[in-house]
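Enquirer: Take the sequences, apply the hints, and build the full model.
The lines below spell out each chain.
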Amino acid sequence: MTLISRRAALAGATGLLVAGCDKITTSPTVRKVLTLGEKATLSSQKLVTGPNTLAPEFTRADLSPRFRVNGNRMPASAEYAAHMTSGFVDWKLVIGGLVARPVAMSLAQLKSAPQRTQITRHDCVEGWSAIGEWTGVPLALLLRHVGVSANAKYVVFHCADDFSGTPFYESIDIVEAFHPQTILAHTMNRQPLSVGHGAPIRLRAERQLGYKQAKYVLKIEAVASLDGIYGGKGGYWEDHSGYQWNAGI
Amino acid sequence: MAVIEATEAPHDTEQVNPRTLVYRTRLPVRLWHWINALSIFVMLMSGATIFNAHPRLYWGAYGANFDEPWLVIGRRGQEGFLNLAGLEIPTTGFLGFTENSIRAFPPLVTIPNYYSLAEGRQWHFFFAWVLVISATLYLLYSLFSKHLSRDLALQAHERKLSHLWQDLKNHARLRFPTGDAARAYNPLQKIAYLGVIFVLIPLVVLTGLTMSPMLNAAFPWLLDIFGGRQSARSIHFLCAAGFGAFILVHLLMVVLAGPLNELRSMVTGWYRLPAVRVKDRS
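Chains G and L supply the protein sequences, listed in that same order.
At position 237 of the first sequence (counting the first as 1) the number is 238 in the working numbering, and the numbers step up by one without a gap.
At position 199 of the second sequence (counting the first as 1) the number is 1677 in the working numbering, and the numbers step up by one without a gap.
These are computed hints drawn from the structure, not numbers from a lab.
Treat the hints with caution; some may be incorrect.
As the list claims (entries may be wrong) - If you want the footprint, here are the derived chain L segments under chain G, 3+ residues with CB under 8 Å:
#1 1569-1580
#2 1598-1611
#3 1707-1714
Unchecked claim - Residues of chain G placed beyond 10 Å of chain L at every Cβ, according to the derived structure:
#4 R102
#5 S113
#6 A153
The beta carbon of each residue, even a glycine, is placed where N, CA and C say it ideally should be.
Expert: As structure tokens, then:
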């Protein structure tokens, strides 16, 4: 066998192997089987982690010197640009869905509610982490205020940003929504939230990865099921990139 | 390891029948070996995909693009490099930049063989369960069947430094045990296996769990043990490198010790004792 044909054979064999791997990774059955791992992870995490167990909190000495931005850096809409110019004085946070008393709250109203400040670690799904100090209103307070229904299983966050015209949204389950560290933050490192970090308000759900931390939150919706909301998988990244809905791992 | 003779070979080392087959590896051990081999390969390759999403490693609780990494795999134009605490090693063609990829690890070694963090995670977290469940069952079996104490634990005479030194010299000369001595694992082999079972696997699992924000709430002490989430991520990666090194040496040893015989013993359990070297028959 000459060197050329041997090389060709090797390339051919590699090609076959790669094609075979492709066949496995793109097979719907294989993908379905793999989701069993996700289910097992979610159930066992719920089993070992109490509903109110806190994520670790840090001190100001632990703060990241520079906290990088995740997701979009600025919503593209004209409405958002107008809000930026006016310092978000007219920004309204709508809370609706399965609630007894839907409301629309201004930033000033949110700031006059009881606050929680926490220094926590933000973990991106990509692998990096940054520590920041967040101040905001506990979501549990707001949900009680609007009288969330007992049928609500998830809370959906509709945001002002989009990816190529597709609106960004995310969701957490009702347990995470009522978690004491789940807040709607308007202040980061003692400064008003910057545009890059989600001005005027972003979600902090501290037991979840970064893609759950919805920025530029416009509307909070309590729902019984995620079906029928955009792609039905509970979030922009879940719908479009196949990220797991459970962002606790 | 039950040693059962297939032939009527005498126990006298001097006259070991070179065709003596011994039943060296029992079914549960063989089963775990192959399930574990599969899960380790999938974990390494899907882990490479996950690493590609942020090919930088840090020490401490936090670490992101503006912080100081101790390891970076990256590229400058068409040149790939590995930066190890300031020391830059060119890796064009292997890491950082190859003919068909600009990612840290090329598609040949990743699952899937294109970049998808979501799919890489899906594979990683499924096989993490396979790895943990099979390793737990294997450990229980090893304890109760005495596989651990009989086959893997170093015997008193093997723990002597002089003995280990002799074994090291034998390995360096590629002189492997023959005849009766080949019925059992040699000391360095035992240390390598024990290292995987009791150091690498537990460490890789625990550092993996430490990266989960939900489990950080449940078991915050894991963060204290490993010195923060980014340290845990670094140790997780070092463990992966350890598995890579183990696999390399392991496969090399299989090839050197007789690949067909070794492969048969791990498939059927039956191992043919290597013939005693003539010059050793004093």
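Enquirer: Hint compliance check: list the failing hint numbers for this structure, sorted ascending.
Expert: Of the numbered hints, just 1 does not hold.
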